[in-house]
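Student: Sequence:
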Amino acid sequence: MGRGRVQLKRIENKINRQVTFSKRRGGLLKKAHEISVLCDAEVALIVFSHKGKLFEYATDSCMEKILERHERYAYAERQLVANDSETQGNWTIEYTRLKAKIDLLQRNYRHYMGEDLASMSLKELQSLEQQLDTSLKNIRNRRNDLMYESISELQKKEKRIQEQNSILAKKVTKICLYNFPFSPT
22 MGRGRVQLKR IENKINRQVT FSKRRGGLLK KAHEISVLCD AEVALIVFSH KGKLFEYATD
82 SCMEKILERH ERYAYAERQL VANDSETQGN WTIEYTRLKA KIDLLQRNYR HYMGEDLASM
142 SLKELQSLEQ QLDTSLKNIR NRRNDLMYES ISELQKKEKR IQEQNSILAK KVTKICLYNF
202 PFSPT
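The working numbering applies: residue 22 is where the sequence shown begins, and numbers increase by one.
None of these hints come from the bench; they were simulated from the model. Quick caveat, the model's predicted, so the values are computed rather than measured. Possibly wrong hints are sitting among the right ones.
Said to hold, decoys possible - Mimicking DSS-like on lysine-lysine, the simulated pairs with C-alpha atoms at most 27 Å apart in a straight line are:
1) K144 <-> K122
2) K35 <-> K72
3) K86 <-> K120
4) K52 <-> K144
5) K158 <-> K144
6) K192 <-> K178
7) K35 <-> K52
8) K122 <-> K177
9) K158 <-> K180
10) K144 <-> K178
11) K51 <-> K144
12) K191 <-> K180
13) K120 <-> K74
14) K86 <-> K35
15) K52 <-> K74
16) K177 <-> K192
17) K51 <-> K120
18) K86 <-> K52
19) K191 <-> K178
20) K30 <-> K51
21) K180 <-> K144
22) K122 <-> K178
23) K72 <-> K52
24) K180 <-> K192
25) K86 <-> K191
26) K178 <-> K158
27) K35 <-> K51
28) K30 <-> K52
29) K144 <-> K177
30) K177 <-> K191
31) K30 <-> K86
32) K144 <-> K86
33) K74 <-> K180
34) K158 <-> K195
35) K86 <-> K74
36) K35 <-> K74
37) K178 <-> K195
Input sequences plus hints: build the corresponding full structure.
Tutor: Following this line, the structure appears as structure tokens:
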């Protein structure tokens with residue numbers, strides 16, 4: 022004997038509603054994980070309870086990347102639809118997109134400066150650490166390249182000065198021999 026169909030309407034009993042929410046939320050998170058594993062799909066799931074509590078799930082790539090990708094696709098789709106609409110609508114969409122991008126850049130900047138790290142997961146912190154290590158390695162490589170170039174230039178300059186010094190020493194010797202051919206004994 023199978024289950025009967027559940028009538029989709031708001032559950033009036035607060036306790037039953039909370040139990041159903043918890044169970045269905047768990048099932049939804051499980052399904053999101055299953056589709057991501059089985060189909061190698063990037064999945065982001067966001068659920069807010071009636072009290073405003075956040076529940077989220079994201080595949081290996083972080084939620085921010087998936088949301089940014091969604092925003093790009095949604096923006097491109099809106100652009101296609103909005104080509105015939107007024108310019109004002111386009112500016113509003115562009116403003117919203119750029120504002121979201123600025124917010125993301127500011128959040129990333131704070132993370133790079135070591136601020137606002139409490140909200141980051143372990144995976145995100147490890148990714149940030151790897152990015153910083155890579156950046157530091159690039160900075161050190163560039164600094165070393167500049168130092169080697171500077172040393173090379175200084176060595177060339179030293180060699181030119183030594184050659185000029187040698188030429189001047191020869192001239193001084195010639196002048197001394199010409200003006201004082203015999204040394205007094």
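Student: Indicate, hint by hint, whether the structure satisfies it.
Tutor: Now for the hints, and whether the structure bears them out:
no.	hint	verdict
1	K144 <-> K122	22 Å, holds
2	K35 <-> K72	12 Å, holds
3	K86 <-> K120	16 Å, holds
4	K52 <-> K144	22 Å, holds
5	K158 <-> K144	21 Å, holds
6	K192 <-> K178	21 Å, holds
7	K35 <-> K52	25 Å, holds
8	K122 <-> K177	48 Å, violated
9	K158 <-> K180	33 Å, violated
10	K144 <-> K178	51 Å, violated
11	K51 <-> K144	20 Å, holds
12	K191 <-> K180	17 Å, holds
13	K120 <-> K74	25 Å, holds
14	K86 <-> K35	36 Å, violated
15	K52 <-> K74	20 Å, holds
16	K177 <-> K192	23 Å, holds
17	K51 <-> K120	33 Å, violated
18	K86 <-> K52	21 Å, holds
19	K191 <-> K178	20 Å, holds
20	K30 <-> K51	23 Å, holds
21	K180 <-> K144	54 Å, violated
22	K122 <-> K178	49 Å, violated
23	K72 <-> K52	23 Å, holds
24	K180 <-> K192	18 Å, holds
25	K86 <-> K191	71 Å, violated
26	K178 <-> K158	30 Å, violated
27	K35 <-> K51	24 Å, holds
28	K30 <-> K52	22 Å, holds
29	K144 <-> K177	50 Å, violated
30	K177 <-> K191	21 Å, holds
31	K30 <-> K86	35 Å, violated
32	K144 <-> K86	13 Å, holds
33	K74 <-> K180	72 Å, violated
34	K158 <-> K195	55 Å, violated
35	K86 <-> K74	22 Å, holds
36	K35 <-> K74	16 Å, holds
37	K178 <-> K195	26 Å, holds
Checked against the numbered hints given earlier, the structure breaks hints 8, 9, 10, 14, 17, 21, 22, 25, 26, 29, 31, 33, 34 and satisfies all the rest.
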